[in-house]
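Number of protein chains: 4
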Amino acid sequence: MDKLRVSLLGSTGMVGQKMVKLLSKHPYIELTKISASPSKIGKKYSEAVKWVEGGEIPDNVRELKLVSTLPEDHKDVDVVLSALPNELAEDIELKLVREGKIVVSNASPYRMDPEVPLINPEINWEHLELLKSQKSKRNWKGLLIKNPNCTASILSLPLKPLLRDVKMNKILITTLQAVSGAGYNGLSFMSIENNIIPYIKGEEEKIPKEINKMLGIINTDKLIEANLDANVTSIRVPTKVGHMGIINIMTDENKVDEIKKSLKYFKSLPQEKNLPTAPKSPIVVMDQEDRPQPEIDLKSGNGMETYVGRIKYSDGILRMIVLGDNLIRGAAGITILTVEVMKELGYI
Amino acid sequence: MDKLRVSLLGSTGMVGQKMVKLLSKHPYIELTKISASPSKIGKKYSEAVKWVEGGEIPDNVRELKLVSTLPEDHKDVDVVLSALPNELAEDIELKLVREGKIVVSNASPYRMDPEVPLINPEINWEHLELLKSQKSKRNWKGLLIKNPNCTASILSLPLKPLLRDVKMNKILITTLQAVSGAGYNGLSFMSIENNIIPYIKGEEEKIPKEINKMLGIINTDKLIEANLDANVTSIRVPTKVGHMGIINIMTDENKVDEIKKSLKYFKSLPQEKNLPTAPKSPIVVMDQEDRPQPEIDLKSGNGMETYVGRIKYSDGILRMIVLGDNLIRGAAGITILTVEVMKELGYI
Amino acid sequence: MDKLRVSLLGSTGMVGQKMVKLLSKHPYIELTKISASPSKIGKKYSEAVKWVEGGEIPDNVRELKLVSTLPEDHKDVDVVLSALPNELAEDIELKLVREGKIVVSNASPYRMDPEVPLINPEINWEHLELLKSQKSKRNWKGLLIKNPNCTASILSLPLKPLLRDVKMNKILITTLQAVSGAGYNGLSFMSIENNIIPYIKGEEEKIPKEINKMLGIINTDKLIEANLDANVTSIRVPTKVGHMGIINIMTDENKVDEIKKSLKYFKSLPQEKNLPTAPKSPIVVMDQEDRPQPEIDLKSGNGMETYVGRIKYSDGILRMIVLGDNLIRGAAGITILTVEVMKELGYI
Amino acid sequence: MDKLRVSLLGSTGMVGQKMVKLLSKHPYIELTKISASPSKIGKKYSEAVKWVEGGEIPDNVRELKLVSTLPEDHKDVDVVLSALPNELAEDIELKLVREGKIVVSNASPYRMDPEVPLINPEINWEHLELLKSQKSKRNWKGLLIKNPNCTASILSLPLKPLLRDVKMNKILITTLQAVSGAGYNGLSFMSIENNIIPYIKGEEEKIPKEINKMLGIINTDKLIEANLDANVTSIRVPTKVGHMGIINIMTDENKVDEIKKSLKYFKSLPQEKNLPTAPKSPIVVMDQEDRPQPEIDLKSGNGMETYVGRIKYSDGILRMIVLGDNLIRGAAGITILTVEVMKELGYI
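Protein chains in written order, with this note's numbering: chain Z, 4 to 351; chain U, 4 to 351; chain S, 4 to 351; chain W, 4 to 351.
In case anyone wonders, no lab produced these hints; they're calculated from the structure. Possibly wrong hints are sitting among the right ones.
Identical copies go unnamed one by one, so any copy, or any two together, can satisfy a pair.
Capping the alpha-carbon separation at 27 Å, the derived lysine-lysine pairs in DSS-like fashion look like this [as the list claims (entries may be wrong)]: (1) K46 <-> K6; (2) K204 <-> K258; (3) K53 <-> K267; (4) K53 <-> K283; (5) K46 <-> K302; (6) K270 <-> K78.
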């Protein structure tokens with residue numbers, strides 16, 4: 004397969020570092036340009052980054068010099084990946100798209116735009132079709148593809164097969180979110196160590212909206228969103244990595260065994276095409292009574308799995324506990340898998 | 004007021020130490036006998052205890068010698084307090100009650116016995132009336148009074164006024180429980196640090212049952228339990244002290260302002276009689292968007308408050324977040340307040 | 004005793020909050036003015052502060068409006084206390100001193116100035132005499148008094164009596180410093196949780212210098228510094244409060260028993276005059292083999308004690324482990340005690 | 004190369020699990036028998052173990068049934084590896100050795116026996132020669148080889164080249180040891196979270212003794228120990244993995260550059276023979292001012308490296324900070340590397 008040349012915006016941040024690491028071993032995606040904030044332009048990556056990813060900086064990037072985020076610095080790449088902070092992303096990404104780049108981005112602006120696909124590959128790779136109407140309706144020369152919020156990425160995976168299996172009247176979700184979700188410097192040790200903060204700005208609104216967009220269907224080039232009645236309470240807990248969701252689904256149907264099978268055997272295009280970043284099983288069903296646990300389970304796959312445990316039905320409530328890696332399935336990995344799908348389907 | 008002489012079972016454990024500390028400053032309850040496991044009998048408290056409570060061992064107890072749990076060693080006390088581990092409590096406490104002692108206990112056996120009052124003072128001090136039928140139906144010479152599970156103690160407080168204000172169709176609760184709830188040596192650092200364990204043995208069954216017993220009413224000497232349809236998922240989180248509950252109440256009534264007032268001004272006998280261990284306001288309503296937090300809020304009262312924040316109504320769901328001190332309101336303090344109420348009402 | 008009116012610079016920071024709390028119960032020091040960064044001027048304290056001290060904001064300060072750090076806003080106070088960040092302190096404090104204010108400050112600039120006393124009250128209250136030469140040599144209308152670095156405050160306490168008892172050839176110190184020493188937002192959770200950072204900027208140089216200044220003697224109005232040959236390695240550890248020092252003193256004298264007594268019975272002016280913030284015993288000697296421990300011991304006094312344990316002599320090395328509260332003895336409390344000493348001695 | 008068949012004592016403990024994992028990918032050591040405490044005999048490994056190592060139980064072991072520690076259950080293996088707890092090891096291991104087994108063990112008994120080699124392969128593989136005198140003087144039919152204490156394993160690595168380069172008058176070491184060093188259940192969360200315990204039973208005595216034994220030389224079949232005058236203070240810190248040592252060496256020689264080179268290029272038999280578990284560089288010298296750090300550096304190699312940073316000489320003191328993985332270099336990995344060396348040299 005031909006190599007795909009990509010550049011990366013926000014390469015020195017925590018998610019950027021994760022992408023650098025994942026791409027260093029990628030069979031055909033080659034990271035050839037990296038950019039960061041203006042003060043770092045021209046420096047070598049190894050000098051500009053405070054490397055926190057663990058292990059060494061990959062050799063292919065260590066000596067690369069940082070470039071700007073301007074289109075002229077991203078000319079000879081096929082795709083631009085973005086791990087920019089939300090507040091900087093809009094202008095920078097739009098300029099690149101307008102100048103003809105394909106941008107696949109983790110940042111929040113434009114996620115809810117009806118002509119911008121919000122891709123969690125196993126769930127809604129078909130939504131890439133929206134790029135047609137994007138092309139026709141916007142006078143952008145390039146393409147803009149978004150990935151969802153980290154928690155929405157993880158929670159939406161088991162909801163996809165459930166949508167088919169169960170009539171869900173109402174869904175109540177409590178999310179327990181790790182500190183890395185707020186960025187490397189997002190929370191001080193003094194504020195969260197030995198503490199719980201029962202609030203995360205914007206999260207409770209974003210999650211249901213993004214889930215409904217991802218679970219929607221395309222009807223003659225337009226996306227019709229799903230209408231799950233989901234209610235979310237988001238809590239910050241003192242762990243480093245791994246977002247957990249306690250999901251309570253109000254339903255009259257007691258189909259625990261069927262659901263377990265359905266989750267366990269859920270597969271989609273990335274699995275069928277055996278894409279490099281696709282997990283073998285996107286959903287891992289656990290039967291042990293005290294699982295999933297971030298410290299044990301997140302090390303067992305490639306970071307792209309969602310672990311589901313404590314599935315139980317009683318008194319009209321289907322309960323399950325969901326866990327995923329917020330930096331991989333929730334951010335760096337999902338972007339790369341999206342690029343793989345786009346390549347597979349000929350969008351790139 | 005006459006001094007009340009009490010003894011304490013399980014005095015060297017974590018909850019026992021908390022009682023020792025709280026009682027060392029009590030205006031009229033005097034801790035005169037302490038007991039612990041057989042191997043420690045005869046030793047001075049200061050030699051037998053691994054003191055972890057913080058600060059110094061109180062002077063009144065430091066030199067006291069440990070006695071057994073047998074009735075003959077508790078003759079000259081008015082009340083026996085029990086902070087025994089659940090698995091040892093049944094036999095030891097029963098022997099004392101049969102020999103004529105009044106035992107007020109934190110341990111789980113007999114909590115659901117219909118003739119044993121399960122007391123969370125502000126909520127159901129009236130249930131002490133059950134002691135009449137206990138006296139007539141059991142051939143015990145003494146009395147057995149129980150305190151609820153630590154999480155049930157905290158969660159039941161705001162539910163009491165809500166029971167009157169709101170028609171609750173269904174209640175979904177996620178509890179985030181601190182490690183001290185499992186005892187001082189209950190969880191190893193390796194197992195829970197930087198981790199979440201989404202399971203606590205027995206908890207999900209106990210909490211709704213005990214809440215319904217506490218919220219019940221006495222009808223001609225018999226307790227008629229409440230029938231709240233509460234569904235609980237219990238999660239262990241890496242914090243030391245403070246149990247939190249995310250409560251979602253399915254209700255058609257949007258009465259947030261009324262409920263806030265109702266919670267804020269909730270008072271009961273312990274407040275009216277100005278009992279020493281009673282918090283001024285049993286329920287503290289917080290309006291800041293990121294509260295309550297264990298590290299900040301649990302230090303502001305005397306450990307007997309329940310903090311309630313993030314009260315919101317939307318789409319048929321009344322949501323609130325509840326926090327309390329599992330070692331004080333959940334264990335040591337509630338026992339002492341129960342004794343104060345019993346004294347006030349003439350049961351002792 | 005007449006009330007002493009003080010103002011506080013940096014009142015909304017972590018150390019500032021600690022001072023606010025300590026002063027709220029002070030018998031004669033009254034906090035009447037509080038200042039903070041320009042953007043907060045005019046706001047009520049309760050609105051401007053992110054209160055993290057635990058418990059409620061004291062009533063006497065809650066409604067106070069923040070003023071600037073300019074001299075005109077501090078006219079009617081007897082003393083200005085400073086909890087300013089090091090990088091802002093120099094200009095602001097100097098302007099106040101030049102305009103006639105007595106400033107007692109925690110910030111680092113001017114600590115090593117030979118005419119500025121660096122006060123750790125029990126050790127060197129006599130150094131206040133330097134204020135005479137400060138007055139005569141500087142054309143400041145007011146006075147500038149400094150408190151030492153938090154680690155130096157704690158470590159210097161046991162060194163004072165040791166200086167008299169033991170010939171110390173060389174001292175090797177490893178400090179284990181809590182995260183609060185870097186300020187409330189000084190270290191992110193991601194960087195230090197489950198980690199050790201074996202470096203703290205500037206600390207290894209400051210500590211020996213400040214200790215030698217504090218342990219110096221006044222000779223005809225001039226300070227002659229001590230010349231302890233101390234070598235420090237400073238390590239950041241994932242705890243919130245409490246700085247620990249492992250001290251190894253090279254000495255030929257094996258006098259463990261004598262030293263223990265000497266440390267235990269060490270008293271100074273603050274104890275003799277029974278000053279409100281003075282600890283009963285500045286040095287607490289512990290004989291248990293696994294102490295001192297921050298989580299247990301720092302709660303036992305008023306935060307002004309230094310705990311010393313594991314004292315041992317072998318093969319030419321006198322070893323001891325020292326622990327103190329970096330926010331109280333290391334910052335907020337030491338400033339207040341300095342003011343008390345100055346008042347007692349007529350400097351204010 | 005012929006496969007080497009080994010069995011493992013203590014296979015369900017934390018170090019045992021680490022060995023199981025490391026061996027699952029070993030090119031020629033095949034784990035064919037696993038044993039555990041009597042109550043688990045006959046069970047499948049996957050049923051008997053509480054797997055905490057992260058990831059899945061390796062396939063080659065998952066279905067293996069646990070056997071006893073008795074010699075008859077270890078007949079058809081070439082070597083018995085032992086990850087037994089210290090208090091059980093002596094009897095069990097001796098019985099196996101007497102019956103003819105080669106036992107390579109992590110447990111402490113017999114470590115200081117003059118006829119038992121205490122092997123940290125890069126440092127003293129030559130000590131295997133002691134097996135000759137062991138064979139002739141003991142009427143054991145097998146062989147007993149020990150690995151050192153976890154901290155001694157890590158600290159001794161840089162001391163080996165230093166021994167040649169520098170005249171060391173005295174060495175002062177402070178060790179900061181992770182909780183896993185006490186075993187998976189060795190310390191409760193309540194006791195060590197947000198705390199420091201300045202004492203580890205037995206450690207301060209063991210470390211200098213074992214280091215001197217390892218650094219000794221063989222003279223006509225007898226070991227002559229080194230006589231470094233090392234003084235150790237051992238501290239438990241709230242991290243999971245990674246033991247750190249702050250080493251202060253009293254020396255008159257300022258040779259920092261020479262030492263850095265010497266450490267960096269240190270190689271030994273395992274490197275020369277390119278053994279599978281040998282790290283490429285046993286000692287990694289770091290020049291960044293805030294390194295080594297457990298959370299960043301321990302992920303960069305194969306767990307067998309010792310990281311050395313903050314090397315500095317001043318006033319007669321050579322200071323360095325040393326970090327290693329206590330579960331791999333300190334336990335599981337060192338045992339496997341010892342077996343590899345023995346195989347290479349024909350002892351097996």
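Hints, verified against the model:
no. : hint          : in the structure
1   : K46 <-> K6    : within (26 Å within a copy, 50 Å between copies)
2   : K204 <-> K258 : between (35 Å within a copy, 24 Å between copies)
3   : K53 <-> K267  : between (39 Å within a copy, 23 Å between copies)
4   : K53 <-> K283  : between (33 Å within a copy, 25 Å between copies)
5   : K46 <-> K302  : between (34 Å within a copy, 26 Å between copies)
6   : K270 <-> K78  : neither (36 Å within a copy, 46 Å between copies)
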